[in-house]
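> Residues per chain, in single letters:
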Amino acid sequence: MTAIRKGRAAVAARLLVLAMTTSALSLPPGAASAQQTFTPREEEPEEFPDAPGREETFYFCTACHNFKLVAQQGMSRPRWDGTLDFMTERHGMPKLEGKDRDVILDYLEQAFPETTATPGWQNPFLKR
Amino acid sequence: MSGKIERSIEELYLEDPERADARIFGRKAGTNRRGFLESAGLAAVGAAVGGAIPFSQNMPAGLIPAAFAQDKGAAPAPAAAPAAPKGPIHLDFPGKDKGLVVIGEKPLVAETPEHLLNDDTTPIDKFYIRNNGQIPDEAKDPDKWVIKIDGEVNKPFEITLGELKSKYKAQTLRMVLECGGNGRSFFTPRASGNQWTNGGAGCAEWTGVRLADVLKAAGVKPSGIYTAHYAADVHLSGDPNRPTLSRGVRIAKAMEPESMIVWGMNGKPLPNIHGGPVRLLIPGWAGSASQKWLTRISIRDKEHDGPGMTGTSYRLAIKPMVPGDKADPKNFRILESMPVRSIITAPANGAKLAAGTRDVALRGASWAGDLSVQRVDISIDYGQSWQAAKLEKPKNKFDWQRWTATLKLPSDGYFEIWSRATDSKGKMQPHVAPNWNPSGYGGNPFHRIAVLVG
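Those protein sequences? They're chains A and B, same order as listed. Throughout, the working numbering is defined as the position within the first sequence, counted from one, plus 5. Throughout, the working numbering is defined as the position within the second sequence, counted from one, plus 8.
Honestly, I wouldn't trust all of these hints.
[To be verified] Calculated cross-link-like contacts (lysine-lysine; reagent style DSBU-like; alpha-carbon spacing at most 30 angstroms):
hint: 1; chain 1: B; residue 1: Lys334; chain 2: A; residue 2: Lys100
hint: 2; chain 1: A; residue 1: Lys104; chain 2: B; residue 2: Lys334
hint: 3; chain 1: B; residue 1: Lys405; chain 2: B; residue 2: Lys156
hint: 4; chain 1: B; residue 1: Lys433; chain 2: B; residue 2: Lys398
hint: 5; chain 1: B; residue 1: Lys310; chain 2: B; residue 2: Lys405
hint: 6; chain 1: B; residue 1: Lys360; chain 2: B; residue 2: Lys334
hint: 7; chain 1: B; residue 1: Lys403; chain 2: B; residue 2: Lys104
hint: 8; chain 1: B; residue 1: Lys175; chain 2: B; residue 2: Lys405
hint: 9; chain 1: A; residue 1: Lys100; chain 2: B; residue 2: Lys338
The set of hints was computed from the structure by calculation and includes no laboratory data.
Construct the entire structure; sequences and hints are all you get.
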């Protein structure tokens with residue numbers, strides 16, 4: 006394990022503890038079993054574009070939803086910034102501040118930048 | 009660390025994270041490698057970090073709890089990662105068609121490719137899935153399910169589903185249910201949210217009672233102008249005090265005879281995955297108004313401001329904005345009726361037709377939120393000329409309108425077929441997704457398929 010990787014993982018771990026200790030959330034009865042109705046496919050950070058901050062972002066954001074919900078977006082930095090606020094205000098995500106916020110914003114901006122490519126229609130006969 | 013006989017936590021984790029988990033915390037990885045903490049382990053980790061662990065069900069097995077990792081070392085890298093699946097992921101869910109395409113797995117969201125919407129009534133197995141939170145366990149005794157009516161009413165009450173069925177007159181209507189974000193993927197630059205094509209819609213036979221009858225029994229006060237809907241699904245964070253979604257509608261919409269509390273879908277009990285045993289069905293408006301797993305309707309004396317009502321959620325820009333700009337929430341109004349839309353359901357996008365084929369029979373569907381569809385037109389030359397399709401009448405208000413057309417192709421080769429519906433007020437589907445907004449509502453451009461002859 007390289008020093009850089011170690012460093013990144015340590016940030017991810019710090020963020021995780023932040024996520025785990027926020028507010029007085031308690032696990033509602035049945036919350037764990039509820040997901041048994043459908044088992045989401047396991048995602049790994051390595052499936053997503055490689056850039057600094059990938060692991061931190063992956064583990065921080067997947068506390069609630071799959072990373073695909075993040076990865077199917079393409080946004081400018083101001084819109085990603087707004088998305089982080091939205092996650093906190095609307096969904097109770099621990100507030101990201103200072104360096105942690107920069108790490109995650111840097112990754113999001115680099116990995117999923119604003120795009121004019123619309124996933125909506127793809128020509129089925131295009132040879133790739 | 010060298011020279012120590014006892015191995016540190018870090019070393020154990022570096023060697024074999026999952027075994028380390030089991031040894032230290034009694035945490036077992038499930039088949040999906042995302043282990044649940046066993047109760048003893050949960051308490052141990054909880055004590056270590058000084059609090060309950062709300063996200064424990066999301067904590068990947070083998071990820072060293074951060075309280076132990078701090079300043080010492082590292083969470084181990086996950087084992088060799090599988091490659092991300094290429095192409096569409098098909099749904100694997102009991103009772104659902106494998107042709108449905110998964111947009112997201114947590115929360116579970118899956119759309120129906122247009123060619124699977126070829127039935128006059130969308131079968132349950134082909135009906136799209138949209139969840140905002142965790143999927144609740146199936147109700148063991150549906151008739152004992154309780155719904156509460158309160159707020160600005162003279163006689164607030166609770167009623168079981170069993171009583172609802174026996175006390176009020178039931179009706180069955182075939183109506184479109186459509187996700188508010190349907191068509192989002194056509195916006196450019198990309199709008200944020202689930203990237204639906206046209207498949208966040210279906211048309212089923214819904215059985216239930218008029219919402220108006222229930223609200224009248226409670227006696228809505230003159231101050232009651234808006235509904236607020238609540239449900240049993242738990243927020244993705246696991247926080248029991250945070251509604252997953254709570255939307256509402258103007259009281260006039262709630263009082264329309266087609267706005268219903270439903271428990272039946274295509275003659276069967278409403279499946280759990282579609283909000284069973286009981287949900288709202290507010291036809292023509294964004295699907296999120298049709299709260300699944302309904303537990304409470306509260307009447308309010310102002311526009312409801314629950315999660316999903318504010319900011320840019322389920323809202324459109326009042327003053328048109330530059331695509332991609334950051335939004336000013338003050339410039340937004342609630343999305344009510346869904347816009348006009350048409351889809352070609354046969355042939356499928358990508359169909360290969362035999363050389364020499366000149367006549368192509370088309371089938372499709374069209375609908376228009378609160379309105380009806382006046383006409384559907386088809387083009388095979390990129391909109392340079394259009395021909396009218398044969399449009400059927402709806403069975404009842406909010407039903408979709410099926411259409412058919414026969415095309416004459418001039419030659420073999422590559423053709424695009426476009427469909428364009430016009431609503432009863434004369435508005436047509438546009439060429440591109442109109443009125444860009446950051447969360448991508450109202451994306452209703454022409455449907456476009458490509459076929460290859462020969």
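> Go through the numbered hints given earlier and state which of them the structure violates, listing their numbers in rising order.
When the structure is compared with the hints, only number 6 turns out to be violated.
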